[in-house]
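Letter by letter, the chains look like this.
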Amino acid sequence: MKALRKILVVACVIALALFGAAACGKKSEGGGGGGGEGGGEINIALTSFPDYVDPQLSYTVEGWEVLWNVYTPLLTYKHVKGKDGTQVVPALAEDMPEISPDGKVYKLKLRPNMKYSDGTPIKASDFTYAVQRLFKADSGGSVFYDVIVGASDYAEGKAQTISGIKTDDNTGDITITLTEPNATFENVLGLMFAAPVPPSTPLDKDSTNKPPPASGPFMISKVDAPRTLTMERNPNFKTVKDAGATEVVDANVDKIIVNENKNNSAQVTDVEQNKVDFMLDPPVADRLAEVKAKYPDRFRMEDSINTYYFFMNMEKPPFNDLKVRQAINYAIDPEALNRIFGGRLHPSQQILPPGMPGYEEYKLYPGPDMNKAKQLIAEANPADKDITVWTDDEPDRKRIGEYYHDLLTQLGFNATLKVIAGDVYWTTIGNQSTPDVDTGFADWFQDFPHPDDFFRPLLHGESILPTNGNNLSRVNIPANNAKTDELLTKLIGDGGVEEQYAALDKAYMEQAVWAPYGNEEFTTFLSERMDFDKSYHHLLFNQDYTSFAIK
Amino acid sequence: MVSPIDSLEAPGEPPLPTGVPKAQIQGRSPWYLAWLRLRRNKVALACAVLFVLIVLFCLAAPLWAEHVAHTGPNENHLTDTLLIDGQEVDVVSPDGTPIGPGLHGKFFLGADQNGRDVMVRLMYGGRTSIYVGLAAALVTTILAVAVALLAGYYRGWIDSVLSRTMDVIWAFPVLLLGIALGTTLSIGGLKLGPIAIAGDSLWIPILIIGLVYVPYFARPIRGEILALREKEFIEAAVAQGKGPLRIMFSELAPNILSTVVVFFTLNIANNMLLESALSFLGAGVRPPNASWGSMISDGYQVIFTAPHLTVVPGLMIVLTVLSLNVFGDGLRDAMDPRAKIRLEH
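Quick note, the sequences are listed as chains E and W, same order.
Start counting at 1 in the first sequence, then tack on 1351, and there's your number in the numbering used here.
For the second sequence, position 248 matches number 240 in the numbering used here, and the numbering has no gaps at all.
Simulated from the structure, these hints should not be mistaken for lab results.
Computed from a predicted model, the values in this text were never measured in an experiment.
Check before you lean on any hint, since a few could be wrong.
Once the Cα atoms are required to be at most 25 angstroms apart in a straight line, the calculated SDA-like pairs of lysine to any residue come out as [stated by the list, open to error]:
1. 1725(E) to 72(W)
2. 1643(E) to 180(W)
3. 1561(E) to 1725(E)
4. 1613(E) to 180(W)
5. 234(W) to 215(W)
Please take these sequences and the hints and turn them into a complete structure.
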C-alpha cells in the first residue's frame, strides 16, 4: 500500500512538472519571442477606450497615448523623458518652420518620398486636408487653428478652402499665414490634430472604425471600438526614416494589442501575473500600496502636468450665480479627494498646475469650510436646486462623483448623479445638445507646455462649441478672453508674461469658474518580461509605446 | 369507490379523524388545507421566518443610521477619524484603504472607499433590493395575469398577438434585455405620454425587471386559463349571461390564485437576483444609492484588500434568495398537492 502511495505521489509530481513546463512554453510562445533584439507582441489594458481612433478628433489621454506613434505631424515632440520631451522638433517637415519677422507667416517643407502605411504618398496638401477636417468634423482641437487666416470663413462655410494655407505637392512647400502672431503655433503644429491624412479619409466624419493610414512607426490594423484595437509595425515607416525624420523614433515591438477592461483591480492582477504587459491607468487606490511594495522593479510613479476639477455650467442656474460657485470651492476638500486617488494627488485649487509656466501657488478659498459655503448658498438662495452631476464609470472617477454628489446634497441641493461609460463621457458632456449638463468631473492634461493650453480650450468664450467642446463650464468672460488673446502674441520668455498668466489664473478663479482640487501623479506598471528601464513616461503623451521592449 | 369527503384527503394531509360520523366533519377551505400542509414543512417555515427577519433588519435602517451609526447611507467620511481603544483611526487612510469591520457602533461592518458606513449601506441597500424585488414582482404579476386572462379567455387572434409578443420578449436573454433597457433608460429616463420617470428613479429597474419576466409568468397561467375556459362552470357563467370581464375576474381569476401566489413568491427571488446583476453591471439602481448588487459592484474592485465589501452583501443576497426560494417551494407544495405527489415520485 505504501509503495502504491509513493508511486502515486511520484506520478503526480511528474504530471505537475510536465504541466508546468507546458504552461511556461505556452507563455513564451504567446510573448512573440523577444529576447532583447526587439520585436515581439505585447498587450495593454486600459479602463476607457480612446474617444476616437482618429487623429483629428481624439482628445483624451487614452487616445493621444495610443495615437501619438501612429500619426506623425509636420513637427513633433522629442521622444525623451522629462522636460526635454516638451521640445518641438521637425517630424514630417524637413526643418523647423521659417517664421516671418512679424510672426504671422510660417514656412515649412515636407520631406520627399514618404508614404502612408497603405502605400499612398504623403503630400503637402494632406496637411491642409487635416486642418479642414478639424473644422468640418467639429473637432475639439479646432480652437487652436482658428488663428489661421481664412479658417473661420471655412468653418462657417463661407469659403471652400482655408486661404491661409498654401501648399505645393510637387515641392512639398507649405505656407501658413496667421491672423496675428501666435506664441504657441509651433506647439500646435506638433499636435496630432494637424497630422496629415490622405483625402480618402472622410472630411466631416469620425473615422474610428476605419482609421486613416498611418505615418508613424505603428499603424492601426484592427479596431473593434470600444473593446480592442491592434497596432502593428507600419511597413512604410521606413520611407519616413529614409526621408531623414530622425526625431520620429522607430518601435521596438512588432505588435501591441490594446484591450479595454473596466476592472482596474483585475488589470493590476493581470500585470502582476504577467498576463498583461502594461496598464495605462494607475492602479486603483486599494492596490497601489501593494504594487508599490511588491514590485519596485516594475512600478514607478511618474510626473504629469494636469489639473483635476469640477466644472460648473455658468450659463444656467444655479451655477450662473458667483456665490454658488464660490460656495462649492469653499466646500471642496482636496485632502478627501486625495484619499480617493490613494495619495497620488497634489492638492491645489487653481487652474495652472505646478510645472506649467505661469504657475504661482495661491489659495482664494481656504477650507474646507462648510459653514462659509452654506452661508454663501443661503445668500444666493438659488431658485433651482435640482442639479445633475456627471462623472464616468472608471472606479476613481465614480467615487469622485459620489463624493461631489454628497457634498452638493449637504449644501442643500437636490443632486442626481449620472455615471456614464468613460469612452463616451467627454463627447457626451462636450455636446451642447446633451440635457442637464450642470456640473461634474473633469480633468485636463497639458497638450503642450504653454499656459494658453489651459486657458484657450477650457475657458475662452470661443471654445464653447456645439460638439466636442472642452469649455465645459461655458465660461465667456470678455476681459479674460481679451487677455488670453493678447498674451498669446507674446513669448513666455518675454518679461512679465508668466506673471500675467498667473494673474489670469487668479482672475478666473475669482469668478470661481471651476472647483479645482489637485494635480495627479501618474504611474508605470509593467509585466516581468518588459524592459522596465527602457520604457519611459512622456510629459505630454504619457507612456511612449516606442520605448516598450521585451527583455 | 370513495366518498366525496374522502377525496379531500390528499396525500400528505392530516388524516381524517376516525370513528366520527362523516356528517359531523366540518368542511375545510383549500387555503386552510394549504396552511395545514405548510405548517408541517418546518424548513419552509424557517425560511419564511428568515425572510421576515431580513426584511425587519432592512426596515430598521433609519433607526440604526440615526441612533447607532449617526450617518446616512450616502454620506462620505473620507477624512474622518474614529476613536477605537483610545486611539484615533482614519476611516479611510491617506493611501485610500478603508477601515475594516469591527464591533464598534459606527462602521460596524467597516467603511467603503468613500468612507461610507457599510452596515448602513447594507441595510438601506437591502431595502432597495427587496423593494425592487417586490414591486417588480407586482408589475410582472399584474401584466402576466392580464395577458393570460385575455389570451386564454378570448383565444383566437387576441391570443395569437399576445402570445407572439410574449415570444418576442422571451426570445431575448433576460440579462441582455435588462442591460439594454437599463442603459438606455438610465440616461434619458422614460417618457410615455403623461408618464415621465427620471433616469435615476427606482422605477426604471422595477419596470425593466417587471417587464422581462412577464412571458415566464404569463405562459403557464395562460395554459391554465385555456384549460379552465373549457370547464362547465364557465359554460354555466356564460349561460347566466355574465360578461367576459366578470367571468375573467370572478370565475377564472380565483381559480388561478394559488398558482399566482406561488409564482409571485418565487418571482421576488428572481427579481432580486436580476436587480443585483443589473446593478452590478451598472444598469440597475443608480449610484450613489445602495443596493446589494451595486455594493458588490463597488467592492469587487478591491476584493483582495477589502473582501467584506463584496462578501457581506453577497451573503445577504444568498440568504434572501434562498429563503424565498425554499419558502416558495414549500408554498407550492402546500397549495398544489399534485406537485407534492410529483415531488414524492
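- Does the structure keep residue 1643(E) and residue 180(W) at a Cα separation of 25 angstroms or less? violated (42 angstroms)
- Restraint check for residue 1613(E) with residue 180(W), where alpha carbons must lie at most 25 angstroms apart: holds (23 angstroms)
- Task: Quickly compare the C-alpha distance for residue 1725(E) and residue 72(W) to 25 angstroms and report which way the hint goes.
- Result: holds (20 angstroms)
- Query: Regarding the pair residue 1561(E) and residue 1725(E), is the alpha-carbon distance no greater than 25 angstroms?
  - Reply: violated (52 angstroms)
- Taking only the CA atoms, is the gap from residue 234(W) to residue 215(W) under or equal to 25 angstroms? Since the Cα atoms of residue 234(W) and residue 215(W) sit roughly 22 angstroms apart, the hinted pair holds (cutoff 25 angstroms).
Checked against the numbered hints given earlier, the structure breaks hints 2 and 3 and satisfies all the rest.
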